[in-house]
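Engineer: Residue strings, one per chain:
Protein chains: 2
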Amino acid sequence: MSVMPAGRSRESPAAAAQRIETRVRERITPSPEELARVARVRADLVRAVQLAAEARKSPLTRALVAGSAARGTFLRDRLDIDFFLLFPPELPRAQLETEGLALAEAILTKPERKYAEHPYLRGTFQGYTVDVVPGYAIGDPSKPLTAVDRTPFHDEHLRAHQTPANVAEVRLAKLFLRSLGIYGSEARTEGFSGYLVELVLLQFGTLHALLEAARSWRLPVRLCPPGKEPPRLPPDVALILPDAVDPNRNVASALSPRNLALFILGAAAYLEHPSEEWFELPKPRHLSRADALERVARRATHVSVVEMPRPALVDDTLYPQLRKAERAIAEEAARAGFEVVGSACAAGSAALLVLVEVAHGRLSAVRVQDGPPAGLDRVGSFLEKWTAPGAPVSQGPYVREDGRLGIEVRRTERDLEAVLAVAIPRLSLGKDISPAAAERTQIRGLADQPESLELDRALVDLLGKRLPWLGPR
Amino acid sequence: MSVMPAGRSRESPAAAAQRIETRVRERITPSPEELARVARVRADLVRAVQLAAEARKSPLTRALVAGSAARGTFLRDRLDIDFFLLFPPELPRAQLETEGLALAEAILTKPERKYAEHPYLRGTFQGYTVDVVPGYAIGDPSKPLTAVDRTPFHDEHLRAHQTPANVAEVRLAKLFLRSLGIYGSEARTEGFSGYLVELVLLQFGTLHALLEAARSWRLPVRLCPPGKEPPRLPPDVALILPDAVDPNRNVASALSPRNLALFILGAAAYLEHPSEEWFELPKPRHLSRADALERVARRATHVSVVEMPRPALVDDTLYPQLRKAERAIAEEAARAGFEVVGSACAAGSAALLVLVEVAHGRLSAVRVQDGPPAGLDRVGSFLEKWTAPGAPVSQGPYVREDGRLGIEVRRTERDLEAVLAVAIPRLSLGKDISPAAAERTQIRGLADQPESLELDRALVDLLGKRLPWLGPR
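Keeping their order, the protein sequence lines are chains A and B. So that you can map any letter, position 57 of the first sequence is 57 in this note's numbering, and since no number is skipped, the others follow by simple counting. So that you can map any letter, position 170 of the second sequence is 170 in this note's numbering, and since no number is skipped, the others follow by simple counting.
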């Protein structure tokens, strides 16, 4: 990790880090006026919704701003207010949505309907972007009725333990993670959720202490006493941290192994070569088709692009399916005999793209296939099949060194695009992707794929892989 | 197994087989005159060598013709007489050779020195080719001093059990095996030794009964009661049959799995479609370079030829080394990233050839390499190595999905010939092949390889693989 200049040559990395962290912390701390303004908006939101609830005799139990706007842990350039409307658990789900919608519309400007697990509304209130999220006012956070019902308990737990110094470190940590592109638990990012950051900072106190610990973490990382892991963990879990208000839940389930590894490596790299760049917005990365074609020519590989229509899904539902489709397509290429070098995917507003890079875009015309060992009953039908007139045989049948039969089959489809065109209709790509894919899928070599923003994004993932702090190559 | 015409349509395969076997058996049975002539030669040989031994006061204990010429199990067109000269076990090895040589020279015309495990002399006597083999007159066949000392015991055992009918079946079986190219236990053939054929025929009585049994054999085949296998069998043993005179020895150790499997498949094919072709000399097979290049073009593959000088070794010593060299070279190609379709080898009088067929003769310019998982100490040196100026990096370092580091390395050598030229000097090819290989090895694409008989033979092994009874393709 010796690629970044060490900055001031007399200063130790630890001293430099302290100086940098202090400066950045100051820069991002909201002013007292700012905090007062947010507090006023919180109070106004609650009052406004209570009036609206009375007006339509809504069974609203409680309204509160939770999340970073409630605790001051927000980043100044990215303040969204999460406003929770809690209803009695007895209220049917359909009514919960109707009531939430009606109240949100009563108080928000230009409300827009959104979906996560759960419909919510986004609009503006006194100039701030506000997400109005309906939920149930439950008594036991380990038995939520919707995915958001635990949030008030999270808020309560954090407020009870956070100090102003800790809140400042949470902001610093969010900035560090955002710079690495791993802040946010949405399916597209697979990074650290805000609540996860706050819990981890309660445990370690400061970002610096967290980084010192993280530099020697090994996957999977357990931030809980051994034996206290939440049950039924998926096999590729990266970080295990039980929810403070529901110990059976892993707060870090959205964090991918790749992103936790990036954090571990980033921690080590930052501690050796601290600089303010580690707290800046990540540079948007893209790679034009022309530059990509040049790279592919230098790499002497071949890139195919599968383009499918985008189904009407929100990103959080779409991305896991798109990644599944990417895996299925890359695995199919490998199964067909291609040497897969890499793959990538991207979603645009209308199209989904999956890119596959292979060592050779065209297979040899022969495929070696094993037959049964001599003496088995299957030998007869194997020989009959492969000596029949018109059998697509290049060589054989013959006996291999180990005594099994073998045959060399002539391939009919040899180009990656042709092989994928045949295979994709029978692949399981993702619940909502497969049916559409069969009909309106386009498969082309990279040179024939029309330029688009999503292509540029997928190309940088495929051909621009590099630890972000090393800079572009 | 339905590719051969069934011959006479009214006749059952079993009846046809019986008719064919009877006719072939008659055709190859030596005439009484022939047998009498061989018997006379046997007696003359013994008398001649006894006179020579007296003349030079040689410590000869016993002289006998053993092998097929002694028992009448020879093939008429291939009668070599094996003449054994047995000396006292006390005689030093060097003297054994001197005495054997002297006596052979006294009785043979144009004697020529040969080596197997053991030096012997080949010459003619009364118009017959005779191999004069010195050995020790031992008392216990399980404790031989040289590889040939068991032979008189084999002879005795077979004579004690064989009937004239059985002898006729041995000849028929040898013809069947020779037609398949799997008769002979020399290293080049890896087939059935004469002694193995005779022992197996003692057990099964007739070739037909043997074939009926063999059609459902599965490798490895045990022709001895379970638990009675000879100890210390190599892992890839095909057939286990203890020596009748030394049960710790496997008579079938020279038989390769491939050749036993070919016998099993041939047995089934013959019994379904018997014909006299199964007892004819195998057609010599070769494939010209021009035809091979045409096939390679159709297969869309690439063939490289490694040519090395032939060391001064007899075939039995050379072939195992040559096959080891073939394996080592093919494995190296695979390790370097080539998709190996097949390989072959051949020895000429001056040159050894190893052929490797790959799906693509030129690799992509990138090679994906795994790095350590984040958090290990090795991460630092991995990153240092691959971010150093001039490191041959195509892409990376980056974090893979599973949290390990990865790097894509630029390849320097990409053609199979270039890769093998770099690798071969450090490969272990075979005890007597390696040193010569490093200096005078030529590696060329098939189109650039000069034509030769051994090339044609290797090419048919590489590109003409097919069960022999199916005919050429």
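If you're looking for bench data, these hints aren't it; they were derived computationally from the structure. Note that this is a predicted model, so its numbers are computed, not measured. Some hints could be false.
For identical chains, the list gives no copy identity; a pair is met inside one copy or between any two copies.
[To be verified] The list that follows gives simulated cross-link-like pairs (lysine to any residue, SDA-like), each with its CA atoms no further than 25 Å apart: (1) K143 with L233; (2) K114 with R440; (3) K283 with G184; (4) K110 with D77; (5) K110 with T22; (6) K465 with G361; (7) K465 with R440; (8) K283 with G406; (9) K324 with A334; (10) K385 with D461; (11) K465 with V393.
Engineer: Now look at each hint and say whether the structure bears it out.
Structural biologist: Now for the hints, and whether the structure bears them out:
| no. | hint | in the structure |
| --- | --- | --- |
| 1 | K143 with L233 | within (18 Å within a copy, 65 Å between copies) |
| 2 | K114 with R440 | neither (27 Å within a copy, 74 Å between copies) |
| 3 | K283 with G184 | within (17 Å within a copy, 73 Å between copies) |
| 4 | K110 with D77 | within (21 Å within a copy, 103 Å between copies) |
| 5 | K110 with T22 | neither (39 Å within a copy, 101 Å between copies) |
| 6 | K465 with G361 | within (21 Å within a copy, 28 Å between copies) |
| 7 | K465 with R440 | neither (30 Å within a copy, 44 Å between copies) |
| 8 | K283 with G406 | between (54 Å within a copy, 22 Å between copies) |
| 9 | K324 with A334 | within (15 Å within a copy, 30 Å between copies) |
| 10 | K385 with D461 | between (45 Å within a copy, 23 Å between copies) |
| 11 | K465 with V393 | between (41 Å within a copy, 11 Å between copies) |
In the structure shown, a violation is registered for the earlier hints numbered 2, 5 and 7, in ascending order.
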